[in-house]
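*Asks:* Now for the letters of each chain:
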Amino acid sequence: MGLKEKLHQFKEENKDKKWLPLFSAFHTFLYTPNDTASAGTHIKGADDLKRTMNTVIMALIPVLIFGMFNAGFQHNIAVNGNFTSGMSFFSGEFWNLDNFIIGAAKILPLVIISYGIGLGVEFIFAILKGHEVEEGYLVTGMLVPLIVPVDIPLWMLSVAVVFGVVIGKEVFGGTGMNIMNPALIIRAFLFFAYPTWMSGDKVWVTGAVDVAGTADAISGETILGSLAQGKEMIYSVSDMFFGFIPGSVGETSTLLILLGAAFLIFSKIGSWRIMLSAVAGALAMGLIFNMIADANIISEGSKFYSLMSTPFWHHLLIGGFAFGVVYMATDPVTASQTNKGKWYYGFLIGFLSIAIRVFNPAYPEGVMLAILLMNVFAPTIDHYVVQGNIKKRMKRLKAKKA
Amino acid sequence: MGLLNKKDAKLITDPFLDNNPVTVQVLGICSALAITAELKASIVMAIAVMAVLAIGNVVISLMRNIIPSKIRIIVQLVVVAALVIIVDLVLKAYAYELSKTLSVFVGLIITNCIIMGRFEAFALANSPYQSFLDGIGNAAGYGIILIIVGFFRELLGSGTLLGYKVLGDPIEKTGVYAFGYENNGFMLLAPMALIVLGIIIWVQRSRNTNLIEE
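If you read the protein sequences in the order shown, they are chains A and B. Going by this note's numbering, 296 is the number at position 296 of the first sequence; the sequence numbering is gapless. The number in this note's numbering is simply the position in the second sequence, starting from 1, with 1000 added.
To be clear, the hints were calculated from the coordinates, so they are not data collected in a lab. Take these hints with a grain of salt, some might be off.
[Said to hold, decoys possible] Sample of chain A residues with no beta-carbon within 10 Å of chain B, all distances over it, derived: (1) S85; (2) A295; (3) K395.
[Claimed, not checked] From the structure, some residues in chain A lie toward chain B, with a derived Cβ separation under 8 Å: (4) F94; (5) W95; (6) L97; (7) F100; (8) L154; (9) A193; (10) Y194; (11) P195.
Glycine is no exception: its CB is placed at the ideal position from the N, C-alpha and C atoms.
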């Protein structure tokens, strides 16, 4: 008897044990279960939940690995203080083992905690409710370490993950029922609960605090943080595009995020409508702000000036905008379902992201709040799109009759 | 029980658990969200509401046979407003700092749905003694929720209880392995009060499934 049969037999024998969902969760990782549905419509498709989730995770892996290199790279800059702007993407200064080891030592614990705690909560709920463990956390668990600062203490992350999974997801009924993206709830929780650990200059670069105050000290702030305070920037556009900048773990490299986006669009997992319209929305808002700044409507001393006068397309490169739009706004559960609704949904996310970013320097990461807000409004958008369609057809019906 | 027969005792215990005005009837939420960032404020608010509701219930009950039904809401408002002004003045005289923390919410006891609800539903139809017990019971049910929410919000949000430091100093070190307590600023914001309240309701309803509405 092979392993497959043995496992299946084991499952049959322990049918009414409480911990069975736990076993099934790991079982289904290895094999497709033999059980088939006995009634109802049968739809056979290869793109089940697990495959969808795995595709997104594959799209996230390059970003994660880049994040590890970048964490080490930023640390070495902070300690040695020799940053040269405008490196090429394949520069040996960036892609070396030294950087990777430092970064991996920081980021792997984040990944492990995120998955360990999150899946733990999922398992507890699965056993309490007596249903199968759902795969929904696989992507969330990967997103979470990518959207937090490198130096976030592990216990804070754990608290936030428990909060996010329970309040953001399980109270609504688990995977597929949540109104808002759980990963963003986790980040929003951290952001409001521990603001000093989610912004400012001490958490984005490992070891930045240790050298602060010395002659070599660099500001360990993100670009958005510096811009909000009207500081000079030392990073060139190519640095921002390639991602050699401080920031949350996975959000810095716009290039790799674009590759991920291409992969998601190609595999038809992510909606290109949302991505495209979000970019359009961001550019529109950026252009409006540029015009305001150019027309001298606000003075140069204004606290909004430096962010408003940032060239509009830079907004796509800095901060978590690209990451949020590609990996989080496209979440099929929380986004708009209708194609037309997706255009509105995406556009408003882009538009609001930049607006929040500029007008509220205390919350530099506008994209998080914009996506959460639009998550709430997505069903409303869908409702009006559907109603609009019904109305249009009714009219056509009437015209035919008459 | 000597003082309370079974029916009277129920007037006090019922609103405490299975018919709690906050978690079951979902009344008086606004004040539960607004003033529970500190435990002390929650306790004072609970006492204030208890005084207003117990005395108000007795007054209304005494007048129940002479209040014309057409203007009963106005009469009730006058009674509760008078009592709230007294409470407000007492607070200002003896606990000025606290009355500043509670600010407008003492005045807003007037609009607390629990009070008008009990006047309408109970005091207008029952004897003064029973109304008094009902007032105490409902205010206690309201107060206990306020105190639970206030306890968690102050403990986790400020690391203090009644103003005394309970949890340690915030961490200084950075890094993924930094341990120590850091105040959870989210706890001090109103949304968290709603979530804590929601969790209490969740726990209560999973213990007593009769409370779950269809």
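*Asks:* Run every hint past the structure and note whether it holds.
*Replies:* Consistency of the hints with the structure:
1. S85: Check passes; 26 Å lies beyond 10 Å.
2. A295: For A:A295, whose nearest Cβ neighbour in chain B is about 37 Å away, the distance exceeds 10 Å, so it holds.
3. K395: The claim stands: A:K395 keeps its Cβ more than 10 Å from every Cβ of chain B (closest is about 39 Å).
4. F94: violated, 22 Å
5. W95: This hint is violated: A:W95 lies away from chain B, its Cβ roughly 23 Å from the closest one there, beyond 8 Å.
6. L97: violated, 21 Å
7. F100: violated, 17 Å
8. L154: Holds: closest Cβ of chain B sits about 5 Å from A:L154, inside 8 Å.
9. A193: This hint holds: A:A193 lies near chain B, its Cβ roughly 4 Å from the closest one there, short of 8 Å.
10. Y194: Cβ of A:Y194 sits 6 Å from chain B, so the hint holds.
11. P195: Since chain B brings a Cβ to about 6 Å from A:P195, closer than 8 Å, the hint holds.
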